[in-house]
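Novice: Sequence:
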Amino acid sequence: MFWRSVVGKLWGTILLLVCFVLLVLTVLLVEFFENFQIETVENDLTKVAKQIVSVTNDHSNAIDVLQISSELIGDETKMLVLHDEEIVFSSLRDVNNQITPQFLKEDRDLLKVFTDEKIVKKEMLLPASSKDEEKVSAIVVGIPLELNGERDEVFLVQSLESMEEAIQSTTRFILLAAGVAIILTTIFAFFLSTRINAPLRKMREAALAVARGKFDTKIPVLTQDEIGELAIAFSQMAKQLKYNMTALSEEKEHLASILSSMADGVITFSKNGTILEVNPPAERFLQGVYFEKGFSPEGSKNVPQVLMNLFDESERQGKEQIGEITLQGHHWGLIVSPLYSNDGTIRGAVAVIRDITDERRMDKLRTDFIANVSHELRTPISMLQGYSEALVDDIAGNEEDKKEMSRIIYDESLRMGRLVNDLLDLARLESGNMRLRYEQVELMSYLTRITSKFQVIAKEKDIKLSVDLEDTKIEWDFDPDRIEQVLTNLIDNAIRHTLKGGSVEVGQRKSDRGGLIIYVKDTGSGIPEEDLPFVFERFYKADKARTRGRSGTGLGLSIAKNIIDAHEGYMSVNSRLNEGTMFSFVLPMRQKSK
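Under this note's numbering, think of the first position of the sequence shown as 1, with each following residue one higher.
Derived from the structure by calculation, the hints contain no laboratory data. One or more hints might be untrue.
To be verified - Pairs of lysine to aspartate or glutamate residues, derived as EDC-like cross-links and limited to a Cα-Cα distance of at most 16 Å, are as follows: (1) Lys50 x Glu205; (2) Lys402 x Glu389; (3) Lys202 x Glu229; (4) Lys218 x Glu205; (5) Lys521 x Asp481.
Said to hold, decoys possible - Label-pair distances were calculated between CB atoms; the ranges are: (6) Ala371 x Glu579: 52 to 62 Å; (7) Gln440 x Ser511: 39 to 49 Å; (8) Asn574 x Leu391: 46 to 56 Å; (9) Arg151 x Gln67: 28 to 38 Å; (10) Lys239 x Glu359: 44 to 54 Å; (11) Thr246 x Leu17: 42 to 52 Å; (12) Phe188 x His254: 20 to 30 Å; (13) Phe291 x Glu315: 24 to 34 Å; (14) Asn574 x Lys364: 46 to 56 Å.
We treat Cβ as the ideally placed atom computed from N, Cα and C, and that holds for glycine.
Sequences are here, hints too, so could you generate the full structure?
Specialist: This is the structure in structure tokens:
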């Protein structure tokens with residue numbers, strides 16, 4: 001809108017100011033000219049009246065003097081001479097209808113001529129000679145006169161019509177001059193406003209461009225005045241703003257990269273519990289919380305109550321608080337630290353969330369490992385101690401008993417040796433220090449050789465032990481000694497848990513992804529479903545009474561799984577109770593280095 005623009009406001013302000021000045025000036029000039037004209041007429045009439053009185057007093061024929069004087073003063077000025085309210089001389093027409101002695105005496109100012117013998121100047125309205133005419137404005141000057149030794153009064157009357165015409169003409173001239181001044185002022189105001197508004201408009205367009213993110217926008221400097229300096233300052237501001245925005249953007253991206261790459265979850269939230277920032281690990285934590293609470297995480301911006309409780313505690317104590325929570329089988333460690341504003345008040349908090357499930361699992365495994373090792377070593381040590389004491393105390397009555405005790409001590413020492421060796425192998429595998437020796441192995445002869453070692457035991461238990469290969473000519477790269485250790489453990493377990501008349505099958509087939517699958521399948525007692533997820537853990541035994549043959553250490557399957565993991569493969573188990581079990585492992589095709 002025009003009046004809201006700088007041009008409209010500046011033009012309107014200048015125009016109003018000029019109009020106000022011209023109006024005041026016009027009124028003062030008109031008033032001045034009017035007063036000046038009236039004062040001039042009054043002074044002239046008074047001077048003329050005094051001259052008439054002086055000349056009349058010097059001549060004996062007063063009427064002739066008055067007649068000549070009335071002709072000399074002109075038609076515009078009329079003269080009236082009174083004596084005791086009688087008209088001695090008059091140059092007015094229809095004097096009786098216009099000015100009468102009574103009319104003059106009714107005026108308080110003119111009455112002073114009759115009573116106080118003073119000279120009186122008076123502006124007044126003359127009475128109309130008829131109803132159709134309007135009253136006439138005139139100047140009346142009264143002055144005392146002594147004529148033939150008697151006191152008379154001389155009144156000079158001059159109409160103001162000519163003066164009013166002069167005043168109107170002057171007023172029209174002043175108004176014309178004012179109109180011209182207003183037009184010139186308007187042109188000047190528009191010119192000035194345009195000169196001011198043009199750079200301001202460019203700065204407005206540049207400001208809008210900067211607001212849209214175009215920080216390279218430059219403003220041309222058209223003048224060297226304050227507006228030019230403002231344009232230069234605006235350009236510098238846009239340049240500095242671009243630098244700051246770029247720095248903030250880089251800092252934000254840097255912070256976002258740090259947060260997204262952190263293994264720990266980070267959540268920042270305000271004092272009222274509204275989530276402000278969250279990284280991917282923290283999102284997984286929130287999903288677990290929302291799922292357990294029974295509502296969808298989409299659109300939720302409120303921090304979980306467990307974090308708010310820690311925040312309230314940190315706000316009371318003024319320091320970070322540590323907590324822990326378990327969700328969906330995961331253990332989470334929580335650290336909440338308050339965030340402070342510039343004035344020292346707490347405006348929110350940052351929560352660091354760490355998944356400590358592996359740490360808790362490792363603690364449990366460590367505890368279980370100590371318990372299992374203690375359990376496994378307790379029996380052979382007890383037997384070694386007992387039979388050793390029997391030999392020392394010479395309890396054995398004959399040589400045969402002594403040999404039997406010595407054989408038991410030897411077997412238990414071998415069992416302890418196997419347990420220690422298995423623990424060492426498992427430690428090397430888990431630490432990654434065991435080096436694999438890859439060879440190209442012809443699978444048919446390899447599996448036949450391994451199974452032949454168990455044929456005698458299988459025949460004794462009336463168990464059918466067979467080899468079934470999908471491809472009898474296949475060759476594969478792996479460490480034959482380590483894979484033989486795996487197959488030996490699997491076949492031994494299968495034969496041990498298979499009843500008389502059952503079968504154990506060692507086979508091979510190709511996987512859909514190009515890997516090699518080797519499996520050991522039996523028709524034995526099977527493994528309970530609740531025990532399947534734990535069969536590869538150290539010392540885990542499905543038999544809760546822990547009744548195992550003296551040859552087992554409880555580490556075979558754990559070692560086997562670590563060997564397969566070292567080959568970058570994976571091992572799995574499928575079983576049905578009282579129907580049988582199948583252990584299988586996949587060996588990927590080895591990429592030979594160039």
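Novice: Decide, hint by hint, whether the structure agrees.
Specialist: Results of checking the hints against the structure:
no. : hint                        : in the structure
1   : Lys50 x Glu205              : violated, 79 Å
2   : Lys402 x Glu389             : holds, 12 Å
3   : Lys202 x Glu229             : holds, 14 Å
4   : Lys218 x Glu205             : holds, 10 Å
5   : Lys521 x Asp481             : violated, 21 Å
6   : Ala371 x Glu579: 52 to 62 Å : violated, 32 Å
7   : Gln440 x Ser511: 39 to 49 Å : violated, 19 Å
8   : Asn574 x Leu391: 46 to 56 Å : holds, 49 Å
9   : Arg151 x Gln67: 28 to 38 Å  : violated, 21 Å
10  : Lys239 x Glu359: 44 to 54 Å : holds, 52 Å
11  : Thr246 x Leu17: 42 to 52 Å  : holds, 48 Å
12  : Phe188 x His254: 20 to 30 Å : violated, 57 Å
13  : Phe291 x Glu315: 24 to 34 Å : holds, 28 Å
14  : Asn574 x Lys364: 46 to 56 Å : violated, 26 Å
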